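There are 2 protein chains.
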Amino acid sequence: MDIPTLADMLIAHERIKPHIHRTPVLTSDYLDGLSGAHLLFKCENFQKAGAFKVRGASNAVFGLSDAEAARGVATHSSGNHALSLSYAAGRRGVPCHVVMPRTAPQAKKDAVRGYGGIITECAPSTTSREEVFARVQQETGANFVHPYNDARVIAGQGTCSKELIEQTARLDAVIAPIGGGGMISGTCLTLSALAPHVEIYAAEPEAADDAARSLRAGHIIADDAPQTVADGLKVPLKDLTWHFVSRHVRDILTATEQEIIDAMRLTWQRMKIVIEPSCAVPLAVILKNRALFAGKRVGVIITGGNVDLDRLPWIK
Amino acid sequence: MDIPTLADMLIAHERIKPHIHRTPVLTSDYLDGLSGAHLLFKCENFQKAGAFKVRGASNAVFGLSDAEAARGVATHSSGNHALSLSYAAGRRGVPCHVVMPRTAPQAKKDAVRGYGGIITECAPSTTSREEVFARVQQETGANFVHPYNDARVIAGQGTCSKELIEQTARLDAVIAPIGGGGMISGTCLTLSALAPHVEIYAAEPEAADDAARSLRAGHIIADDAPQTVADGLKVPLKDLTWHFVSRHVRDILTATEQEIIDAMRLTWQRMKIVIEPSCAVPLAVILKNRALFAGKRVGVIITGGNVDLDRLPWIK
Chain A
1089 MDIPTLADML IAHERIKPHI HRTPVLTSDY LDGLSGAHLL FKCENFQKAG AFKVRGASNA
1149 VFGLSDAEAA RGVATHSSGN HALSLSYAAG RRGVPCHVVM PRTAPQAKKD AVRGYGGIIT
1209 ECAPSTTSRE EVFARVQQET GANFVHPYND ARVIAGQGTC SKELIEQTAR LDAVIAPIGG
1269 GGMISGTCLT LSALAPHVEI YAAEPEAADD AARSLRAGHI IADDAPQTVA DGLKVPLKDL
1329 TWHFVSRHVR DILTATEQEI IDAMRLTWQR MKIVIEPSCA VPLAVILKNR ALFAGKRVGV
1389 IITGGNVDLD RLPWIK
Chain B
1089 MDIPTLADML IAHERIKPHI HRTPVLTSDY LDGLSGAHLL FKCENFQKAG AFKVRGASNA
1149 VFGLSDAEAA RGVATHSSGN HALSLSYAAG RRGVPCHVVM PRTAPQAKKD AVRGYGGIIT
1209 ECAPSTTSRE EVFARVQQET GANFVHPYND ARVIAGQGTC SKELIEQTAR LDAVIAPIGG
1269 GGMISGTCLT LSALAPHVEI YAAEPEAADD AARSLRAGHI IADDAPQTVA DGLKVPLKDL
1329 TWHFVSRHVR DILTATEQEI IDAMRLTWQR MKIVIEPSCA VPLAVILKNR ALFAGKRVGV
1389 IITGGNVDLD RLPWIK
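So the protein lines, in turn, are chains A and B. Just remember that this note's numbering sits 1088 ahead of the position in the first sequence, which is counted from 1. Just remember that this note's numbering sits 1088 ahead of the position in the second sequence, which is counted from 1.
In case anyone wonders, no lab produced these hints; they're calculated from the structure. Any given hint could be a false lead.
[Stated by the list, open to error] Below 16 Å or equal to it, Euclidean Cα-Cα: the simulated EDC-like pairs (lysine to aspartate or glutamate) are:
no., chain 1, residue 1, chain 2, residue 2
1, A, Lys1404, B, Asp1398
2, B, Lys1376, B, Asp1120
3, B, Lys1404, A, Asp1120
4, B, Lys1105, B, Glu1251
5, A, Lys1376, A, Asp1120
6, A, Lys1384, A, Glu1287
7, A, Lys1196, A, Asp1396
8, A, Lys1404, B, Glu1251
9, B, Lys1404, A, Asp1398
[As the list claims (entries may be wrong)] To give a feel for the contact side, a few chain B residues facing chain A, derived at Cβ under 7 Å:
no., residue
10, Phe1134
11, Lys1326
12, Gln1357
13, Ile1361
14, Leu1397
On a predicted model such as this, the values are computed, not experimentally measured, just so you know. All C-beta atoms, glycine included, are put in the ideal place defined by N, C-alpha and C.
Here chain A stands alone, though its shape is the one from the complex (with noise of 0.2 Å):
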């Protein structure tokens, strides 16, 4: 296992600064009122390609040697991942494949081919996928760049935090949420370094708690294809993040499809900022945990802000 280091973080944020925003945080008093906390909320919603995954992307992409690069890097995934690959792929002027079930949203198709990402179609099975995506890799060459388990992509991700207590004076604890674990474990990686007396939390929907589940067994618990209005956080811990969060995560805390949604409603509301349905899931367990929260300074990683504008959760 290649666990990312203090260094490898402070590297990557001086890589990738020319390709990212420097995210703003904002406070809301309504919020604070109704949590006893008072919340900063790191917006990455607003950050490049609409998501804090662009920082290990980027970092991933702009690590590589020239010759490396020329080959291009790849993915499976038809998230924020893929296009934030894209996006870093073409700021580079290198190709980014990236493997996708034919059965994907036509509108995740057209938003990683907006990133000039170069899809490569399979069938919906983890077999296809696998094997489509071995094929690609054999006839490129790309560079494998895994949503989360990789260490560049957690050093990468750790920068968002580095500058949160940068941007803040004392924080007495940090919230994100938790799917495969990428942001939290580059938020321990800087945290657990840089501001070791911060806790830090992460919020998981109750219908896709495996993470939480692992917290507690003291080893990875994978579900199958869980449900969740959350949908970035459906997938399991890996190794390396299983490394970070099994060691550095005060808590894991679960909150309901319900609270999910109405958090972020209440967040669009009250905050007039466009969030995934994943983000609002740390308001939602800081409501529903007010007496962990409440007299606290809390940073809360807003993830991202790629929403099917379309199809709303509370709008039936």
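Given chain A's structure and the hints, the job is docking chain B onto it.
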């Protein structure tokens, strides 16, 4: 006519600073590419009470003597001005009376009450509204704060473009939506004195283009209850706002309902911010008048973010 001066605007800014946000200016590479201009969005959707109206309302409320203030303030509006005046009165600890038709949406009544406003209902006619309003004013002695045709309100709205020019390097043009003309008048007041080289444009729905027709005709034309998705822009110019519009606005450009909805959706999708339909009119006219704005640095005033999230105009 009590025409507000530059000094009034400068005093207003010092007066209201403790009660408002200095809202951020956001940019979008994507929308710059689409328009050919460099667009600087002044985000009053992040303002207290969700709209720029709190600037003028706060200036009116905090400019009253203690004796005047004790009798409260009053207005007839069911929109952002009512929210803002309620907010400002609440900050000063004095009552705010709002006359609203009993047929107004429950959500609007709840929002006004949420900010501490005291609602008196009237029948849904101008006659009833005027009768009820006169009675409320007589009984309470409250100070009437008109939503836009009020020197204190215009001086307050002018603080927005003062901040905008402080926050940005050289601007070539500024554009804002026009309804009754309060924001545009404040913009004219400020820029004609502090940055007279900046071209001032107004943007209006084609379906409620009374201000554009007024400018061409050389006198105020008022339409009777025009219908548009940009529901903040239905009201007509009045003498004070006409004073500024007729002297300082270079042109009033219009957009169709569909162009407004498309620009609103595009802003949500690309900038990840929640804006009202009214705020999308400027972007709509910039995109359809490319030659006029291309190559220029254009300040775009995003006036508010109070949207009914259950009824979005692009979802049928």
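Comparing the hints with the structure gives:
1. A/Lys1404 with B/Asp1398: 9 Å, holds
2. B/Lys1376 with B/Asp1120: Since the Cα atoms of B/Lys1376 and B/Asp1120 sit roughly 14 Å apart, the hinted pair holds (cutoff 16 Å).
3. B/Lys1404 with A/Asp1120: 35 Å, violated
4. B/Lys1105 with B/Glu1251: With a Cα-Cα distance of about 11 Å, the restraint between B/Lys1105 and B/Glu1251 holds, given a limit of 16 Å.
5. A/Lys1376 with A/Asp1120: Holds. A/Lys1376 to A/Asp1120 sits at ~14 Å (cutoff 16 Å).
6. A/Lys1384 with A/Glu1287: OK: A/Lys1384 and A/Glu1287 at ~11 Å, within 16 Å.
7. A/Lys1196 with A/Asp1396: 9 Å, holds
8. A/Lys1404 with B/Glu1251: 41 Å, violated
9. B/Lys1404 with A/Asp1398: Roughly 9 Å separates the two Cα atoms, so the pair holds.
10. Phe1134: 6 Å, holds
11. Lys1326: With Cβ-Cβ at 29 Å, over 7 Å, it is violated.
12. Gln1357: Hint on B/Gln1357: holds, closest Cβ of chain A at ~6 Å, below 7 Å.
13. Ile1361: The hint holds - B/Ile1361 has a Cβ within 7 Å of chain A, the shortest such distance being about 6 Å.
14. Leu1397: This hint holds: B/Leu1397 lies near chain A, its Cβ roughly 6 Å from the closest one there, short of 7 Å.
In summary, the structure is inconsistent with hints 3, 8 and 11 from the numbered list given earlier, while agreeing with the others.
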